[in-house]
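When we follow UniProt numbering, the leftmost residue of the sequence shown carries the number 1, and every step to the right adds one.
I should point out that these hints are in silico values taken from the structure, not numbers from a laboratory.
Note that the Cβ used here is the ideal one computed from N, Cα and C, for glycine as well.
Have a look at the derived ranges for each label pair, beta carbon to beta carbon:
| no. | residue 1 | residue 2 | range |
| --- | --- | --- | --- |
| 1 | 208 | 283 | 42 to 50 Å |
| 2 | 300 | 43 | 47 to 55 Å |
| 3 | 423 | 54 | 33 to 41 Å |
| 4 | 172 | 283 | 45 to 53 Å |
| 5 | 423 | 182 | 40 to 48 Å |
| 6 | 50 | 278 | 15 to 23 Å |
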Amino acid sequence: MLNDVERALVSRDSMLPGLAALLDETVLTGVLRQQKPFLSLKRVSVTYIRYKPKTSCVVGVTLYIADEIPYFCFVRALTRSRFISYRSRLVSDGKNTSDWPETPVLLDELAAFISSPQLDRKLCLAALYNNKYTALLQNARGSVTGQGRERWHFLRYKPGRRCVIGVYRDEHPFAVIRCAAEKEFFRQLRGSQAGSSLAHIELLGVNETDRLIATRWIAGKSLDYFLHGQEYLSLVTLTGKSLAKIHNEPYFLPEKQTCREALQQLWQEHGMVTALYPELAERFSHCILRLKALSEWLSHEQVLLHGDFSADQVIVAEDGRSVNIIDWDRCVYGHPAGDPGSFIARTEMDVINGELTAAQARGIHDALLAGYKMERKINAFDIEWYTAKALMCLVVEPFRKRDAYWPKKAELLLNRVEDICASATPIS
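All chains, full assembly: derive it from the sequences and hints.
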């Protein structure tokens with residue numbers, strides 16, 4: 001069921017006939033059940049959404065069909081004119097749209113279609129379906145594939161952008177394969193190479209033609225697992241210390257993020273906020289202007305950043321004595337406060353989601369920075385600035401993750417940004 005903000009969104013965007021259905025899992029399930037391949041469909045779970053106002057809407061969905069293994073795919077809604085052109089191309093190419101999953105299934109009423117990942121034009125996932133990925137692993141040092149039964153499945157899938165695949169041998173995970181669209185692949189590759197050179201991940205092989213990167217599966221549990229069970233502050237301190245050691249490394253990347261680029265990113269987010277929840281747009285823009293004014297007091301140091309640092313990117317070894325930082329896709333050269341700011345913003349989100357108390361979050365923040373300061377200096381103002389920036393980048397994330405309460409959570413996130421902006425004190 002749509003909430004009030006979503007109903008208003010749909011009423012503003014009459015160019016996309018399928019938008020309302022893509023925002024409502026119950027309606028989308030009913031529409032798909034009318035199609036022959038999905039007569040036994042139990043339910044649909046929307047895991048990701050990318051919306052371009054008056055242009056298109058793409059959702060990553062998981063189909064639960066009878067007792068079969070959950071099936072990842074995507075649904076794309078278009079304007080009526082673009083959908084007619086798309087349908088005409090399928091016909092002229094001789095495609096039989098009843099041959100699922102080899103061809104898309106058209107949803108004429110919605111001006112939309114549902115498609116298998118193997119048909120994702122931006123990702124070379126055919127290499128997975130035809131088992132080309134096995135050569136990628138067998139060419140690695142020490143042959144990780146062995147002789148047992150092998151399977152793979154999606155861990156994460158963002159249609160048209162990137163995906164993460166888990167590979168299993170005799171039901172035991174041994175490798176992770178990443179696939180990215182062309183414009184993201186080489187940054188992803190450089191990030192994986194950086195993580196490997198720092199001994200946080202092990203790079204097994206690269207297939208540049210199909211844009212696949214294989215790394216070894218790392219045993220252990222994410223730091224996030226410990227935070228939501230009980231406070232494990234010694235592990236958080238260890239994580240902060242490990243992060244600072246990375247920032248101390250003399251490692252250079254061509255990708256850089258300056259303060260100016262960080263502010264440009266926030267204006268892009270402002271465009272999305274304006275489209276989704278226009279009532280928040282003015283407050284959001286005021287926060288950007290406040291951060292711009294405060295930015296003149298930021299320090300100018302730049303280091304190697306993880307770029308998307310959070311507790312679920314940290315794997316705690318089974319003996320609890322070491323951590324590995326994973327998922328280096330957004331690795332960049334930038335301000336050292338960017339990583340701890342991102343981590344702290346994520347824990348602020350956990351407070352809003354009811355997974356941590358405010359007191360627990362403060363303890364985690366303090367432990368992270370205590371560990372960090374064992375290895376290098378960092379000032380509180382820079383941390384506040386980059387925490388506020390990271391929180392602003394999270395404002396529309398509850399919508400993208402299809403959280404039923406996303407409007408309220410967006411407001412709470414922006415409230416927190418305003419609090420930080422009001423209290424931030426530059427260090428002269």
